[in-house]
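Those protein sequences? They're chains Y and H, same order as listed.
Just so you know, numbering that gives the first Met the number 0 puts 55 at position 56 of the first sequence, and the rest follows in order with no gaps.
Just so you know, numbering that gives the first Met the number 0 puts 299 at position 300 of the second sequence, and the rest follows in order with no gaps.
Do not rely on the hints blindly, as some may be mistaken.
[Unchecked claim] Okay, the calculated beta carbon distance ranges per label pair: (1) H:LEU516 - Y:GLY9: 52 to 60 Å; (2) H:ALA543 - Y:PRO23: 36 to 44 Å; (3) H:PRO405 - Y:HIS5: 47 to 55 Å.
[Unchecked claim] With a cut-off of at most 35 Å between alpha-carbon atoms, the simulated DSBU-like pairs for lysine-lysine come out as follows: (4) H:LYS470 - Y:LYS42; (5) H:LYS387 - H:LYS531; (6) H:LYS387 - Y:LYS56; (7) H:LYS557 - Y:LYS88.
[As the list claims (entries may be wrong)] Over the 10 Å line for every Cβ pair with chain Y, so calculated as not near, a few chain H residues: (8) GLU61; (9) ALA212; (10) GLY226; (11) PHE439; (12) GLY489.
Note that these hints are calculated values from the structure, not bench results.
Where is the CB? At the ideal position from N, CA and C, for every residue including glycine.
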Amino acid sequence: MLTIDHGGEGVVVISGRLDASQSPAAQTFLDQVNGPVTLDCRKLEYISSAGLGVLLKTQKRLMAANGGLRLAGVSRHVRDVFQYSGFDKIFEIEPAAE
Amino acid sequence: MNAVPEARHLSARDLEPILEVAAKLAAPFDLTRMLTEVSDAARHVLDAERCTVWLYDRESDELVLRLASDLKDVRISTDKGIAGACARSRRVINVSDCYADPRFDASLDRKSGFRTRCMLTMPMVSYDDRLVGVMQVLNKRGGVFDSFDERLAAALAAQCAVALQRVRMTEALIESEKMHQELQTARVVQMSSLPAAMPEVPSYDLYGATRPAEETGGDTFDLTRVGERVLVVLGDATGHGIGPALAVTQMQAMLRMAFRLGADLEHAFVNANNLLLGAMPADRFVTAFIGLLDPATHSIRFHSGGQAPIFHYRAATRDFAIFWPTSPPLAAVPLEALKPAVTLELHPGDILALISDGFFEYCNDTGEPFGEARVQALVAANANGPMKRLGDLLYEAVRTFAGTAPQEDDMTVVVVKRKGPGGRGTFKRAIDAVEDIFRFTEETFGREGLGPDLRIPVDFALEELFTNVVKYGNQTDAGVHVEITPIAGGVEVTMIEEDAIRFDPTERPPVDITLPLEQRTAGGLGIHLVAKMLDGLQYSYDEARREGRTTIRKMTPKAEGAA
Numbered sequence: 000m001l002t003i004d005h006g007g008e009g010v011v012v013i014s015g016r017l018d019a020s021q022s023p024a025a026q027t028f029l030d031q032v033n034g035p036v037t038l039d040c041r042k043l044e045y046i047s048s049a050g051l052g053v054l055l056k057t058q059k060r061l062m063a064a065n066g067g068l069r070l071a072g073v074s075r076h077v078r079d080v081f082q083y084s085g086f087d088k089i090f091e092i093e094p095a096a097e
Numbered sequence: 000m001n002a003v004p005e006a007r008h009l010s011a012r013d014l015e016p017i018l019e020v021a022a023k024l025a026a027p028f029d030l031t032r033m034l035t036e037v038s039d040a041a042r043h044v045l046d047a048e049r050c051t052v053w054l055y056d057r058e059s060d061e062l063v064l065r066l067a068s069d070l071k072d073v074r075i076s077t078d079k080g081i082a083g084a085c086a087r088s089r090r091v092i093n094v095s096d097c098y099a100d101p102r103f104d105a106s107l108d109r110k111s112g113f114r115t116r117c118m119l120t121m122p123m124v125s126y127d128d129r130l131v132g133v134m135q136v137l138n139k140r141g142g143v144f145d146s147f148d149e150r151l152a153a154a155l156a157a158q159c160a161v162a163l164q165r166v167r168m169t170e171a172l173i174e175s176e177k178m179h180q181e182l183q184t185a186r187v188v189q190m191s192s193l194p195a196a197m198p199e200v201p202s203y204d205l206y207g208a209t210r211p212a213e214e215t216g217g218d219t220f221d222l223t224r225v226g227e228r229v230l231v232v233l234g235d236a237t238g239h240g241i242g243p244a245l246a247v248t249q250m251q252a253m254l255r256m257a258f259r260l261g262a263d264l265e266h267a268f269v270n271a272n273n274l275l276l277g278a279m280p281a282d283r284f285v286t287a288f289i290g291l292l293d294p295a296t297h298s299i300r301f302h303s304g305g306q307a308p309i310f311h312y313r314a315a316t317r318d319f320a321i322f323w324p325t326s327p328p329l330a331a332v333p334l335e336a337l338k339p340a341v342t343l344e345l346h347p348g349d350i351l352a353l354i355s356d357g358f359f360e361y362c363n364d365t366g367e368p369f370g371e372a373r374v375q376a377l378v379a380a381n382a383n384g385p386m387k388r389l390g391d392l393l394y395e396a397v398r399t400f401a402g403t404a405p406q407e408d409d410m411t412v413v414v415v416k417r418k419g420p421g422g423r424g425t426f427k428r429a430i431d432a433v434e435d436i437f438r439f440t441e442e443t444f445g446r447e448g449l450g451p452d453l454r455i456p457v458d459f460a461l462e463e464l465f466t467n468v469v470k471y472g473n474q475t476d477a478g479v480h481v482e483i484t485p486i487a488g489g490v491e492v493t494m495i496e497e498d499a500i501r502f503d504p505t506e507r508p509p510v511d512i513t514l515p516l517e518q519r520t521a522g523g524l525g526i527h528l529v530a531k532m533l534d535g536l537q538y539s540y541d542e543a544r545r546e547g548r549t550t551i552r553k554m555t556p557k558a559e560g561a562a
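Given these sequences and hints, build the entire structure.
Shown next, in the form of structure tokens:
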């Protein structure tokens, strides 16, 4: 339901559904990344508050080390969730081309 | 092209009247005026008493007399008379004594009372070597036509041929443009009378669409509320062009009016038939399905005037019942009474599919028609999805099947689906069960024809509500149930928690989403987001049964303006 993997220098590709049951695996993966990271979200269909929690925790850790998460190719649903939660102020978000 | 004696050359002075004529012939744009000009010019230039201009009709190989002071629209075959001989030989024929010439047809003289003495007949041939007509000048004043007149006539005839050709082509162009514009107007009227939006009827998915052919066809449909019922119409007027387009528009207007005024099905049908019979040409008729859906009893009563086959897809058995017309097409014969109407019952998941013959009869490059079996297969295969999607797929399938073959007829589809009963699922209290919930929503939404724009927010809400139950609810094996119910314009979803502690998500304190990063947590965000993303959130708690019910609603988002 969710795959997350390295996609080249400073890029992590995430696809599928980042829901409560997939969040622990995503967290484990993201705990290993460092520096400025672009999260390629073009194939991320869905995110819940559990998924937001994973990204928030990662962002806090990376920002403290002068890094950070940038989200690219963000779908309509995912963008709505970020906007309604105010997370669009915390992450740099680049919407998917429509 | 003409065997004209070279006796005398035309001088500049001789040409003067012809050049005057040329200037005159440049002006007219209608055939009648042009024929008058040509005729006057010939009489003037050749000093003759009368001039007759025959136009050549290529299709019938006849000469047609469009203008003479006392005769109208005479047709002669090109194998008759002097004019015919001229048309065939394309040579000037100079006859000094007509009544001595066996080819001369004196019947025109007899009809007109004019006596033709001598006659010069010349072919009018255009630049592209097409015969435009034949010109005859009669009775040279004070004598007979000589070889000089023949030369003059040949030059004049060439001028006239070009002028006439131009006018005929212009007229044909204007006529076709006029037809085209009238057709466009009729099409606009026809299309504008179609329902602008599908009526929203609880537990029904209604969809209709029509794709007009380029030039022809007269399809219409209707899906519109009349009181508690829904009028369902598919109509197809025979013939080509403007007539059918306007006939179906008229029929649709009559039916809406009749039903809104409370007419019953039989009266509306018979009256529409008899009114159309009076209003339409004798060789035209309209095939039409006219039905009334009663959503309260889930039944459709209909009459079909020559419209068939009518497909009733039965979800329980996944097969089709096929219905045939109850009456001749509308406007075919006067109707006094009708056979009884047909009533069909729609059970959950059933579909009534009305498809115009533009689908069935659409032939591919090899001449094979799309046929009924392909339509049925598509309906059956897509019965679980939204009806708009079924409609789109039908058009797409025909397009693919047809290849480069053009659309010859209007193609119209009207589908009435009684939605399924929704769904209910039970889930164990574990975080991983959210995946089971998503499978359940995907399956149920698919069956009910509810799209992802509804499913994703619902999934979101269910996940947030469900994980709250798992994390903060009672540690128990009691079930958590999810019920999905389609409602008009959206969906209602209820999560039922057995053995519940009272927890009202609507009473949660608001989340401050403006805090800086370091102060933000994901806690409490879920319910905040549910409230934002859904269109309704209600909670009730039954103390006696220790049962919590959270109901959410999501309505289909209104289409946004084009970006």
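Hint check results:
{"no.": "1", "hint": "H:LEU516 - Y:GLY9: 52 to 60 Å", "verdict": "20 Å, violated"}
{"no.": "2", "hint": "H:ALA543 - Y:PRO23: 36 to 44 Å", "verdict": "38 Å, holds"}
{"no.": "3", "hint": "H:PRO405 - Y:HIS5: 47 to 55 Å", "verdict": "53 Å, holds"}
{"no.": "4", "hint": "H:LYS470 - Y:LYS42", "verdict": "29 Å, holds"}
{"no.": "5", "hint": "H:LYS387 - H:LYS531", "verdict": "28 Å, holds"}
{"no.": "6", "hint": "H:LYS387 - Y:LYS56", "verdict": "43 Å, violated"}
{"no.": "7", "hint": "H:LYS557 - Y:LYS88", "verdict": "27 Å, holds"}
{"no.": "8", "hint": "GLU61", "verdict": "64 Å, holds"}
{"no.": "9", "hint": "ALA212", "verdict": "33 Å, holds"}
{"no.": "10", "hint": "GLY226", "verdict": "39 Å, holds"}
{"no.": "11", "hint": "PHE439", "verdict": "14 Å, holds"}
{"no.": "12", "hint": "GLY489", "verdict": "17 Å, holds"}
Violated hints, listed in ascending order, are 1, 6; each of the other numbered hints is respected by the structure.
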